[in-house]
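*Asks:* Each protein sequence line maps, in turn, to chains W and Z.
Just so we're aligned, residue 1 is where the first sequence starts under the numbering used here, counting upward by one.
Just so we're aligned, residue 1 is where the second sequence starts under the numbering used here, counting upward by one.
It should be emphasised that the hints constitute simulated quantities derived from the structure, not laboratory data.
In this text, a Cβ means the ideal position worked out from N, Cα and C, and glycines have one as well.
Careful, some of the hints might be misleading.
[As the list claims (entries may be wrong)] Part of the chain W face toward chain Z, derived, beta carbon under 10 Å:
id, residue
1, S19
2, G27
3, E34
4, I39
5, L41
6, A43
7, R64
8, A75
9, I76
10, R97
11, G222
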Amino acid sequence: MAEATQPDLAVALGRLRLSWPTLMGSGCYGSGEEYAPFIDLAALGGVVLKSVTRHPRLGNAAPRLVSTPSGLLNAIGLQNPGIDAYLENDVANFADRPCAVIGSVAGFSVDDYAYVTERLAARDEIDAIELNISCPNVGTEGETFACDPSLAEAATRAARGVTDKTLIVKLSPNVTDIAAIARIVEAAGADALAVINTVRGMSIDVDRWTPRLGNANGGLSGPAIRPVAVLAVWEVARAVKIPIVGQGGIETARDALEFILAGASAVGIGTGNFTDPRVPLNVVDGIRDYLAARGHSALSEIVGKANPRFAGVR
Amino acid sequence: MYTLERSPAVHRTVVSDRREPVPGIVILGLHVPHLASITLPGQFAMVVPPSGEQAATALGIYEAEGERVSLMLVVVGPRTRELAALQIGAPLDLLAPLGNGFELDALGDNVALIAGGVGIASLLLPAQALAARGARLTLLYGARTAAALVDADRFAALGAKVVLATDDGTRGHAGFVTELLRALPKHAFSGLAACGPSPMLRAVGRAAAYLDIPAQLALEETFACGVGACWGCVVPHAASSVGTPVGLIRAKRAEPPARESDRFCYARICKEGPVFWAHELRW
Ligand SMILES: Cc1cc2nc3c(=O)[nH]c(=O)nc-3n(C[C@H](O)[C@H](O)[C@H](O)COP(=O)(O)OP(=O)(O)OC[C@H]3O[C@@H](n4cnc5c(N)ncnc54)[C@H](O)[C@@H]3O)c2cc1C
Ligand SMILES: Cc1cc2nc3c(=O)[nH]c(=O)nc-3n(C[C@H](O)[C@H](O)[C@H](O)COP(=O)(O)O)c2cc1C
Ligand code: FES
Chain W
1 MAEATQPDLA VALGRLRLSW PTLMGSGCYG SGEEYAPFID LAALGGVVLK SVTRHPRLGN
61 AAPRLVSTPS GLLNAIGLQN PGIDAYLEND VANFADRPCA VIGSVAGFSV DDYAYVTERL
121 AARDEIDAIE LNISCPNVGT EGETFACDPS LAEAATRAAR GVTDKTLIVK LSPNVTDIAA
181 IARIVEAAGA DALAVINTVR GMSIDVDRWT PRLGNANGGL SGPAIRPVAV LAVWEVARAV
241 KIPIVGQGGI ETARDALEFI LAGASAVGIG TGNFTDPRVP LNVVDGIRDY LAARGHSALS
301 EIVGKANPRF AGVR
Chain Z
1 MYTLERSPAV HRTVVSDRRE PVPGIVILGL HVPHLASITL PGQFAMVVPP SGEQAATALG
61 IYEAEGERVS LMLVVVGPRT RELAALQIGA PLDLLAPLGN GFELDALGDN VALIAGGVGI
121 ASLLLPAQAL AARGARLTLL YGARTAAALV DADRFAALGA KVVLATDDGT RGHAGFVTEL
181 LRALPKHAFS GLAACGPSPM LRAVGRAAAY LDIPAQLALE ETFACGVGAC WGCVVPHAAS
241 SVGTPVGLIR AKRAEPPARE SDRFCYARIC KEGPVFWAHE LRW
């Protein structure tokens, strides 16, 4: 008996080709190396590296994590060595990764985004850039880029101007109209959108009368935010033609399929890795089985199929 | 030369035995072929939840011998409740062994182990290793109440002098275990190894400085990844002896630093720790 051909799960995000439709969420996966003992990195579409900034950042005071019902509240505060030390000490280690390596850039001014993107994208080890304009844990400055249409546009344009590599822009759910921001970012030259970053949140210790996080407020991730994220993808997929990387609480293939049917071409997995590092494998296997059982030959065939006004290109 | 493969991996285990020495505390014995021999005293495991519905749980490796390791759980919330309900024959996956264990050779031959609550779980392997090399052992062990003191006799069987304390005075010294350190003369021990909640470990650190005894502390804070990937589990650290992985930076509380001792970086408890030298923490 001839073996049935496997459904095609490869995805293109601009020039970037992913063998599998799974990106590990920035800040959740280190540089990938931390997880190498537990999963074959070749089974991942790619790793989005921890966000890097122009200057070194100490990060927020502890505690930085609080577990909440079906979720995780974090306020890391972009701890990173700054772009100079990062280029000198870290980036060379990302060579020869058997999956895509996507640098993540965070900033506090339009010039920061241009400067860090240009320097990072110039390195061969980096296959693409994700612009983190949506970090909720660095005071108000960081997230204003994703929440203010003119700043979102300026940051995207600035980064677009300095690299031809795939530019993914990561949007915040903490806005009134995410589709409007998505449209502006698309027009400013983004190749793809990551939807969503964490949802702003807080937890208070009622015995001590103080917020539990050192930073007081933080970003919520995990299954608790999945419905918020699916709706955000649904709305963005009606507004733009560029591909979407849907993320927020994905732990199984069926979770991932919700995002894909809403209009995502690929998915991000962050907090799900904290449950079990084999989650990305299970997601890929499950999607493949799902497609095969329904007689589809490629993942692209079902992107946006639950979304009647899906505007993207399959 | 033959080197022991110590790198962590996903280990598939099966619950081989289960003991509930006191209500609310469960010791799960796990059958697992290649873990005990590579586990160092003070290392921990990230336990994958059987339901797949919550984050993995960090647990110290309590016992490790042959093809068996065990975990001691205090039921405090949903994850520990799920694990405590496991019965013999249940499969359980672990990421292990993780983190850096105690540097026992640096503690000398007259060591006090200081345990607070479930911190006892991370001290049996160090006690066994120290006893095996002939060190004199003292266990200072504190818990909320007498009913929460577990397995002190295991330490006594290794020759340790056991001193107990309970917050409510139902057994041993009435008060915190760290109060037992106050009465000691300087250099009363050659080294201290402690595990327990952070306020207790801070007190051990202060006492160690005053008594001029080198102390290693095993921290237990909230983890997410447990493997060094998320930077969520940090403690301010003098940075002198930690490596330089991505993001580990030197910075200061004030600019310019008033004193060298004001310099610190945030080190990951799961990766650079969980065991730290007390004098290197800046908390
Ligand atoms: C390196 C390391 C080693 C550890 N070793 C062990 C071990 O060997 N055995 C063990 O039982 N636990 C150990 N812990 C603690 C254990 O990981 C947590 O208790 C566990 O994650 C709680 O999960 P939960 O979902 O049951 O409770 P959660 O919902 O996370 O917590 C429930 C409530 O209990 C409180 N709480 C959390 N942890 C503790 C605690 N340790 N003592 C008292 N109250 C607490 C929380 O603040 C919260 O209010 C270790 C932690 C670390 C970082
Ligand atoms: C501990 C932690 C750190 C994170 N750090 C970053 C970061 O540095 N940059 C970024 O763009 N997103 C960061 N995120 C957001 C994730 O990449 C992801 O978009 C979000 O958590 C939602 O997906 P999830 O529920 O699968 O985690 C972080 C999330 C967590 C939980
Ligand atoms: S728990 Fe993620 S770095 Fe320690």
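*Asks:* Tell me the numbers of any earlier hints that the structure contravenes, in ascending order.
*Replies:* Per hint list: 1, 5, 6 and 10 violated.
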